[in-house]
Each structure stands twice: as C-alpha cells, then as structure tokens.
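Below are the chains, spelled out letter by letter.
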Amino acid sequence: MHILGISCYYHDSSACLIKDGIIVAAAEEERFTRKKHDTSFPINAINFCLKEAGITSDRIDWVAFYEKPLLKFERLLNQHIEMFPRSFPMFYQAMPNWLSEKLRISSTIKKKLKYKKPVFYTEHHMSHAASSFLVSPFKEAAILTVDGIGEWDSTTLGIGKENDIKIIKRLHFPHSLGLLYSTLTAFLGFSVNNSEYKVMGLAPYGEPTYYDEFKKIIDIKDDGSYKLNMDYFVFHYKSTMPSKKMMELLGPMRKKEDPVTKRHKDIAASLQKITEEAIFKMLNHLHEITGTDNLCMAGGVALNSVANGKITKNTPFKKVFINPAAGDAGGSMGAALYAYNTILGNSRKQVFESPYLGPGYSNEYIQAFLEKNNIVHSKFKNDEELIKKTAQLIHDNNVIGWYQGRMEWGPRALGARSILSNACNPNMKEILNTKVKHREHFRPFAPVITEEDVHEWFEIDKDEEPYMLFVYPVKEDKRKLIPSVTHVDGSGRLQTINNKQNSRYYGVIKEFEKLSGIPILINTSFNIRGEPIVCSPYEAYKCMMGTGIDYLVMGDFLIKRQDNQQHIWDSESLATD
Amino acid sequence: MGLWSDLKEFFHPITSKFEWFGKQVQKVVNCILLLIVYFVGVAMTAIPAKLTGNKFLNLKPENKKSHWIEQESKTQSKEDYYRMF
Ligand SMILES: [Fe+2]
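Note that the protein sequences, when read in sequence, are chains W and A. Numbering follows this note's numbering, in which position 297 of the first sequence is assigned residue number 297; successive positions increment by one, without gaps. If you want this note's numbering, it's the position in the second sequence, counting the first as 1, plus 1000.
The following block holds chain W by itself, in its conformation from the complex:
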C-alpha cells in the first residue's frame, strides 16, 4: 500500500511516500526549486518520491494532507472579524491566495496527480505528533508539539500508545510560543520563519537582563500553559509582528544592517530563558499527566536545540525522540504515517533510523555530468583511498564539499550534503566564514563526532545524537582542542555518527583522528548563502565554484576548485540572505 503525505502552502512544503508503513522517500520542495522555504505545491518532491519508489501516480493508494484547510480558514476569518477594520490590509493580501490555492488543495491534488479517491486531512498538530511518535523507538510516549500556528492550535500535549495518538490539552491562537520567538526574531532584525536559530545562537553572548520585561509579555503558569499579552503584538492583524508597546518596553527594533549590540544579545538571552522556562514547565506537567518517561516532540519550537539539550536535566523525562524535520516539512511524513497507522489501523512497521531519504545520484550520473561539462576530476580507486585522501585534505586545512549518497531529510546537513573542515584549527571559523559561509560572527559551527567517542568529549546523557537536534556542553578540558566548534558558552550542537549510519563519513572522521588525535570535524550545510542545501551534482559543483570550497568529494570523484578556473564565479555578489 502506497501512501503519499503532502505539506504545503505555509512554510517548507514537502512530500513523503510510505510503502506498507515503511518510509521510501521524503524531501522538501525547496531543494528542487532552489527557493528557500518554498511553500508551493510540492510537485517536484512528489515526482521524486514516486520515482524513488518506482511507481507512477496511479499506484498511490491514499493521499494524506498535513492539516485541515477549512479549520485554518475559519481561524483566519475570526481574526479578520475580531480585528475589523484594522485587518483589511492583511485580508487583501491573504485572501486571493486562499481562494485560488489553499482552499482548492483537493482539486489541485486530484488534477496534478490524477488521483480520484478522497484525501485524508489530519490536523496540523496531529501531523506533527505523528511525525515524531509513529517512527519513535517508543511503544508509549508523551508528546509535546509547539510551533508558530497550525489551524487553531499552537501547542498540544498528547500521548501515543502503539499506533494511536491522543491530544489531551491544547493552547489556541494567538497564544503561541513559536510566534513569540518569531516576533522577537523580527524585533532583532532577522528574517521570520528563517533566522530563529540565529537568535538562539546569539543568546549565549548576552545576559537575561530583560527577563522581567518578558514576564509582562507572556504569562506562564506552573503547569506550563501560557498566554501572550497581545498589547505587545500585531501579528493577528498585520504582516509585521511586534507592536509599538513592545518597542517602549524593549527599546527600538534593530534594523537588518544595524550592528548587534549588548542590548540585542541580552534580549536574545532573555527570550531563550523564558522559552526554556515555558517548555520545561509544560514538560513537567506533561509527565505528570501521562506518567511515561519517554518523550516525543515536534513543531518548529522542537528545533530549539539549546532547550532540547537541557530536557533530561530539567524534567523527569529520560528518553527523547524528535524527527529531524521537526518543522512543517515533517508534516507530510506525519500525515502519511498517521493515515497508515491510525486511520487505517495498521501496526507500526518502522523506527526512524536514517535521515538519508532524499534524492541520490549514481557514480555513472556524476561521471557523465563531469565529462559533459569538461570538469577536471580524478576517481578514487576505492573507499580506503577516498577516506584517506579526504581526511588528509581536511587535516591540511582545506574546506571540503562532501556530496555522498541520498540527501538528508530535514533542515540539517548530516553527512550527505555537508561542508567538512578541521575543527582543531582555531582560525577555521574565520576561514569558513571568509571562504564560504559569510555568517554573522556570533554564529557557531557544529561538530560531528564518532559515536564511540562522544562521552569523552561532551557532557551528554545518552549514547548517540545523530540528527543535530540537541546542544550539549563540551567537556571543559577539551574546549581548547576544538575551538572552532565550541560556542561562547562552551557548548556544541553535535552530531554523532557510526559506521552503520554512514560508513564513508564515519571513516573520514576516524582517519582524521589518526592524523590529529581528534575524532571531530566541523560539519556545516553545503549551500550558497541564502540558498537551500545543494541537491544535484550540478548544484554541488556550482556551489564549490561560487564559494571558496577547495575540493569537492562527490561520489567516487575528487574535484579541485583550482583545476577548473573557467567555472569560477562569485556567489556573494548574488547572495540575498
């Protein structure tokens, strides 16, 4: 039985195909259209999923959509009625899209896929919950979903047992922790629904001196339920987010080009503190009402890796699982799984074990691409040579574009479309920023470490963290050894890897350890600034040639930037982020 899950029209549209309860393929639409956070109908992602499964659309048994559009539309109408007449600009902006696209999803699916059966519509937060629980290693778990907004819900507490999920308690729009975080992201001069992680990265540089001000903005009860003071917000009737009153409370908004000052850092620190307070209180209450030590989380706020890393210390939960695509992209997977397991009543068939669910390209394809474009390259004789040569290049402080196998599911590069470099070099952060990333100076780079060594280097309470969703402190005596991946507060958003998960990736780190004594590399996403992570060999090559990446290890091939001078260009001249 083939079930296609679809999420689209809000942010990060995606598709996921499951066959008899097993995930065959999943990908975000942005990777194909090259439009970051693309919200459009994910026809390219769907076509990829079908191709990967070796079927055409007439073999799809069911289609599941990740939310209930009419419920969302009802909430929107309520907003316009409540905020009449101030809501007209938003009404004017949003309505054509709703009428021409969002409310016509059923006919779009039927037309584009030639699908004749009814579509399953699952609630937005149920899709989030399902994306995590139904592929978790737990038979029973408490479930917390927190995001910007679904239909009406912004936060839910639930419980999953076998193949069923019950939502027990919820909070409704406009009271949303995700929208609070996004509002402050806008306030601090960063782009909403895109740069929330920058605010999280900025927080450790500040002190939470605005905590008391934040207590006026959000009322958090002991059971974790919360309510925003809407005097400080305008997102319920405007496309902007903070109100004038928020500026009176926290000072003027930062413009994009303004320098980041101590005040901005302190605001970020205070926001992170209040967010963590709300999350931990909710989780303590969730544990109280469910009585299980297992936790699943989903929704955009579940990508707050700093808070995630503190869960077991601040709550009674002992084990936590989060789908790597915790945001809305994960909704397609959740909807498909919910349809198979819960609506159709089938037992669960799979625990999430590999994030490599996207498109992959064969060596034959890559070779044909290189030859057709007269790209100077060499071929590795075997895995051993590939691993040794790559480790040596990294040890010599080269920046490597690492393009191997199928693309990752979710927003993080996890060793399929990564940029790898030397974590021991104290200048590597600057080198990476000058050559490739051009990031804000305060943003850290992330480490990847061999699984067996993680306890030696990090203060971590579990044996693996394969999806970069948790931040843990680097052991104090190790911090000076890996300066490029140690954040200002001594933490790192690590990924662990073992041989089974990705043998070449693991092999390179092991080999690097032989050269440097350190089983850690810098792993950052393989993309041009402002663009999605590379998907095809062409995009990988283009990214290397447009940035300062020194070598590209693509499949069995090695390509050196300097050998292909004719294709060099400057990606920074076009970067938009």
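Keep in mind that the hints were calculated from the coordinates and are not lab data. Just so it is clear, CB atoms sit at the ideal spot from N, CA and C, and this is done for glycine as well. All the given hints hold, so there is nothing to weed out.
With the C-beta cut set under 10 Å, the calculated list includes, among others, these residues of chain W facing chain A:
1) Leu70
2) Gln79
3) Ile167
Taking lysine-lysine pairs in the DSS-like style, the calculated list, with each CA pair at most 30 Å apart, reads:
4) A:Lys1064 - W:Lys227
5) W:Lys102 - A:Lys1055
6) A:Lys1074 - W:Lys281
Some residues of chain A that are not near chain W, with every Cβ distance over 12 Å (derived):
7) Trp1004
8) Lys1008
9) Glu1009
10) Thr1015
11) Lys1017
12) Gly1022
13) Val1025
Since the structure of chain W is already known, use the hints to place chain A with the ligand on it.
Chain A with the ligand in isolation, oriented as in the chain W frame:
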C-alpha cells in the same frame, strides 16, 4: 507554424502591453471585490459582534489558574478524515 511565430513576435510588444494592462485591471477589480466582501461580509458580522460584546479571538488577559484548553481528540472514523474541517 513559422508564420504564426513570426506574427506572434511582431505583435509581442503590443500583446505584452495588453498583458500588463490586464494585470492592472485585475488588481483593481480584485481590490474592489475584496473591499466589498470585507466591508459587507466581515463588517456585517464584526459590527453586531462588537455591539453585543461577542469575541472571535481570545485576546484579553485572564486571571486563571491554567490556560490549557482541555479538549481531547476523539477517535474518528475513516470518513471523518475526508473533511477539510
Ligand atoms: Fe507547524
């Protein structure tokens, strides 16, 4: 085919101007229609609601012990999931 594409190319500057003009008209019509819908449809509900104190969003601070809405999800039949609401 050749003649047709030649003609298309010849008239391209005119057709593109028509296209642009069409889009502007569409924008104006859209705006008028949406204004009518908003100030008739939305206003017809909003004004009496304001007069009678009916609320469509929960915006005001409340002195409650908890803000949780205890609304448990119900087991639904397969057909219930066909609905967009
Ligand atoms: Fe969401």
